[in-house]
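Enquirer: Sequence:
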Amino acid sequence: MWDGTGGRYDPSALRGLIETERGRADRAAAVARRHEGLLGTATEAMRPFHRRMAELHRATERKHRAAATLHSGYLDAVGRWADRPAEPAVVPPAFMTAVADASGVESLVVTLFGIAGRDSAVVVSDPVAARVHDLEEVLGEGPSRDTPLRAGVCSEPELSWRWPRFGPAAREFGIHAVVSAPLGLPEALLGTFTAYRSEAEPDVGVARSVGVFAEALTETALNPAVRLDLADGLPVHPLFGDLDRRVVVHQATGMVMAAHDCSVSDAQAMLRAHAFAREESVTELAQAIVAGTYRLT
14 MWDGTGGRYD PSALRGLIET ERGRADRAAA VARRHEGLLG TATEAMRPFH
64 RRMAELHRAT ERKHRAAATL HSGYLDAVGR WADRPAEPAV VPPAFMTAVA
114 DASGVESLVV TLFGIAGRDS AVVVSDPVAA RVHDLEEVLG EGPSRDTPLR
164 AGVCSEPELS WRWPRFGPAA REFGIHAVVS APLGLPEALL GTFTAYRSEA
214 EPDVGVARSV GVFAEALTET ALNPAVRLDL ADGLPVHPLF GDLDRRVVVH
264 QATGMVMAAH DCSVSDAQAM LRAHAFAREE SVTELAQAIV AGTYRLT
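Reminder that position 110 of the sequence shown reads as 123 in the numbering used here, one-by-one numbering, no gaps.
There's no promise every hint is true.
As the list claims (entries may be wrong) - With beta-carbon atoms standing in for the labels, derived distance ranges:
#1 Asp39 to Thr306: 50 to 60 Å
#2 Ala271 to Arg291: 13 to 23 Å
#3 Ala304 to Gly36: 46 to 56 Å
#4 Gly153 to Leu202: 14 to 24 Å
The set of hints was computed from the structure by calculation and includes no laboratory data. Just so you know, these numbers come straight off a predicted model, no measurement behind them. Where is the CB? At the ideal position from N, CA and C, for every residue including glycine.
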């Protein structure tokens, strides 16, 4: 259900989603206010209960307001793009750009997991995020690939000792800290939401923002209740309008498996090793393999 703007919700559906999220936020806020008001008159034994309920509903409010903010930002960007003078070279706005604007971090990446925890889909906000995430693919380590995921801020010097190869390589792109948050539920992790930061100092506010937006994406883009598009089986959501499904990498992996009679993991390890030796991305190497201009020996 493409709307011609690079997204998967049409404007009216987006507006409906925004109003739904704002309504949920308002209802959560009302419940939180009620429990906050009861704190002053409750017995000592009941105060922890009211405090906890207020905290839970404030967290719910933040999640739904974040979802409304992300989608309204995207809707505004789509509107500005649609109203522009006819310029074929101007590409439609990306949903991840709205996420980056709202979070205050330019370089973001959503990584969705496939079989055995391997990347099956990647969506980035800018070229820096694309290149730095590709380092994770080439080097086989990094915040999006951590198992188990360690959410929160990781800055220097922890960045280098946690990931001895990724950390120093990321610094060459000006990245001195990362913030990670899970996508999905604790019992059903669907992927990771990672912010690559040029600032080295820890930032609790950014970490909290990344966590809230990860919850908002889980609630909307990755919600199992969302209808699936018949064409590709992906949720009908603008996040997937700029999806890199790594089709070329999967094709190259299959070719390497057939040529070397090896497993998927061995073929991927070979791709990473050759990409690292050639100082290029795994995607670039995969394109050369599929095109027949390079063979792994």
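Enquirer: Look at each hint and say if it fits the structure.
Expert: Evaluation of the provided hints:
no.: 1; hint: Asp39 to Thr306: 50 to 60 Å; result: holds, 57 Å
no.: 2; hint: Ala271 to Arg291: 13 to 23 Å; result: holds, 21 Å
no.: 3; hint: Ala304 to Gly36: 46 to 56 Å; result: holds, 51 Å
no.: 4; hint: Gly153 to Leu202: 14 to 24 Å; result: holds, 19 Å
No hint from the list above goes unmet by this structure.
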